[in-house]
Amino acid sequence: SQQGEEDPQALSIQEGENATMNCSYKTSINNLQWYRQNSGRGLVHLILIRSNEREKHSGRLRVTLDTSKKSSSLLITASRAADTASYFCATDSGYGGSQGNLIFGKGTKLSVKP
Amino acid sequence: SQTIHQWPATLVQPVGSPLSLECTVEGTSNPNLYWYRQAAGRGLQLLFYSVGIGQISSEVPQNLSASRPQDRQFILSSKKLLLSDSGFYLCAWAPGEGRNQPQHFGDGTRLSIL
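Protein chains in written order, with the numbering used here: chain A, 1 to 114; chain B, 1 to 114.
Honestly, the hints are just simulated from the structure, not real lab data. Take every hint as true, because none was put in to throw you off.
If we take Cβ atoms under 7 Å as the criterion, some of the chain A residues that face chain B in the derived model are:
(1) N31
(2) R41
(3) G42
(4) L43
(5) H45
(6) L48
(7) R50
(8) G100
(9) N101
(10) K106
(11) G107
It should be emphasised that the depicted structure is a prediction, and the values quoted were computed from it without experimental measurement. From the three backbone atoms N, C-alpha and C, an ideal C-beta is built for every residue, glycine too.
In isolation and in its complexed conformation, chain A is listed as follows:
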């Protein structure tokens, strides 16, 4: 079953604009991760944020986590055409010694127009 649900399903912006994607989940978590997938390729890990962290930055990426609302957001600032991809959130609930198993959302398809 899907734990994380991204919103919106699709997002189209102009180069230079910021892109914000949201993720909601249902159960308590150890961490939440964001991944990017270019069309027809594997997923690339972007950021991992632990349940006791509220915000994390990596280059043009900013991730926030609100465990009280069971939600996270990914902000890409000053977007580029190369940022065009699908973005997925994934949660590690840690139940039953699951060895870091992740549950992925359906993703947000981001299109950045030059």
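Starting from the structure of chain A, add chain B where the hints point.
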């Protein structure tokens, strides 16, 4: 540095035929290994994971099986493919020690069943 190899990139198989997809990891020892399936426009569904040689856990009942004959080799198999087995199959690895680790994905195998 660690790398993950997955092959073939694409595969077209008739219904009822057998399947063998292979995934190997280099540059690390005792990784956790994962097989996912991604339906078109959907998130990833975890099929199998392994924490060591010969140790396989299945997340969903299905027509597929997995094996880990060596530390860094993970194989996805089927004796008789069904139409519903079509999809994009992704292998991933994560460090075996500790929690809160990102997963690293191969480039996937696109499987079409005719």
